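So you can see what is in the structure, the chains are spelled out below.
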Amino acid sequence: MQRYSFFSLARNALSQHEGWQRAWRSPPLKNEYDVVIVGAGGHGLSTAYHLAKEHGVTNVAVIEKGWLGGGNTARNTHTIRSNYLRDVSIRFHDVSVKLYEQLSRELNYNILFSQRSMIDLIQSWGKLRDLRRRSLAMALHGPDYQLISVDELQRRIPAMGDLSGVRLPPLAGMLHPDGAMARHDAVAWSYARAADARGVEIHQHTEVTGFTFAANGAISGVKTNRGEVRARKVALATAGNTSHVIARAGLILPLVTRNLQAFVSEPVKPIIDVIVNCPDIGLYVMQSDKGELVIGGGTDPIPSYRQGCHFSTFEDVVASLVELFPRFKNLKMLRQWGGAIEFAYDASPIISATSIAGLLVSTGWYGGFKSIPVGGLTYAHLIATGQPHSLAEAFGLDRFTGLRFLLEAGTVAQR
Amino acid sequence: MLMLTCPWCGRRPEGEFVNLGEATRPRPDDPAALTDAEWTAYICDRQNIRGRHNERWWHMRGCNMIFVVARDTVTHQVFDMAADEAAP
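First to last, the protein sequences are chains A and B. Mind the numbering: the first sequence is residues 926 to 1340 in my numbering, read in order. Mind the numbering: the second sequence is residues 407 to 494 in my numbering, read in order.
No lab work stands behind these hints, which were simulated from the structure alone. All of these numbers come straight from a predicted model, not from anything done at the bench. Incorrect hints may appear among the rest.
Unchecked claim - What the simulated footprint calls covered on chain B by chain A, stretch by stretch (three residues with Cβ under 8 Å from a Cβ of chain A suffice, anywhere in the stretch; the number is not a length): (1) 412-425; (2) 432-439; (3) 450-460.
Stated by the list, open to error - Now the stretches of chain A that chain B is said to cover, found in silico as 3 or more residues with beta-carbon under 8 Å: (4) 1024-1032; (5) 1173-1179; (6) 1320-1330.
Glycine is no exception: its CB is placed at the ideal position from the N, C-alpha and C atoms.
With the sequences and hints as input, model every part of the structure.
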């Protein structure tokens, strides 16, 4: 792997930038691998990287129907945080934040990580009680989540301006200093480059059309549009489409897919330097490095694979936005998009073996950008050793039997 | 915005309705006779179809009727409606 540094930049500048290597190879598709990972998004690539790094499993193919990092990895609002409610979720996401903090250095790739803190705006007494409970739960495990006053809110978010005319005036805020954002494409590309350097193959435009099985019922490989590929283990990381893909193996999972949309405004001068989230009214807003305001809300309340703008939700989010930030009324919106996120019956992730030997799933991320490093770390552990990682023991499919749910209140932004 | 046709009230905007999920999950006749796995499958598992599926809607902010709609989960096109006579 060609290392990126100031010196390599300077050296390549002298040769008109014609000497850069490709960030990853495009080898021919072999007909057999130890592990096939389906889905070259953040989770799939991070899993491949950790398989190679921690477990020495390098005969791995990551196959992708579209292009690398073009699914939900490209369709989220790149927020990283660990303010969850359940013990296992807090520990899990705290590790993810810490891995993100070191990611640029570890992968030698600038992911534009910006730990600018996240502020939850509280506009109802019920939410205040709920989030204080969450802050006490988090205090047991480390990540910080502090109550702040309305004065402090206004000091940290001056863009709000006068709150006297607001219908639901903020009562307080919760400050999550670990809250961060990073460039989502760079996360996928950096993992792809690092995994490739350790021998993993990445095959884009390779769609899984079915699975092949051994005589004993175990998985023996995948059928793709480029022919059959044999594998000892097949690991799905197909966020949004897992039900659709695994149905080809005859399995049904406790998942529902929904559209989660976001949109960006025209670029403006720096006006918000934290991530503002308003769980009571279903709104979050932050400013990207390009100056665009990134705005989103809750999921559409219907099952959907549409990956687009659902107007009634859009209208709700914008109404909430101009109520709290009336000065944004004149902003023009530039782009909008939706991601197909899937959530499990109890809104917690699933990192698990299935009833078919050799077939594994990582799903139910319900907004999984923040979990990419730890999701890959724990999924790779499960794939390589057959045992769940200590951080992810609670995320098996077996929790549903006996209805031992891991109900989580902290998953998506509108919480 | 989706427009749904309530069998009683006619064509109304989606904000009046609540989506109750897949309509193709008949409640088992004798839950006590099921194994844990079968009961879990009934409670938790979803077909989560990519494409046309049948789903139940509740006209909560209207006449309160519950009915079945065929809708494409990719395009959101709504196909036809019928009063939910077959619903258990």
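Do the hints match the structure? See the list:
1. For a cut-off of 8 Å, the count of residues in the region 412-425 of chain B with a CB near a CB of chain A stands at 5, and the three-residue condition holds.
2. Three residues within the 8 Å Cβ limit are the bar, and the region 432-439 of chain B against chain A gives 0, so the coverage statement is violated.
3. Counting residues of the region 450-460 of chain B whose CB falls under 8 Å from any CB of chain A gives 8; the rule of at least 3 is met.
4. As drawn, the region 1024-1032 of chain A meets chain B at 0 residues by the rule of a beta-carbon pair under 8 Å; below three, the given contact is violated.
5. Counting residues of the region 1173-1179 of chain A whose C-beta sits closer than 8 Å to any C-beta of chain B gives 3, which meets the bar of three, so the coverage hint holds.
6. Residues of the region 1320-1330 of chain A with a Cβ under 8 Å from some Cβ of chain B number 4, which satisfies the need for three, so the listed coverage holds.
The structure fails hints 2, 4 (numbered hints given earlier, in ascending order).
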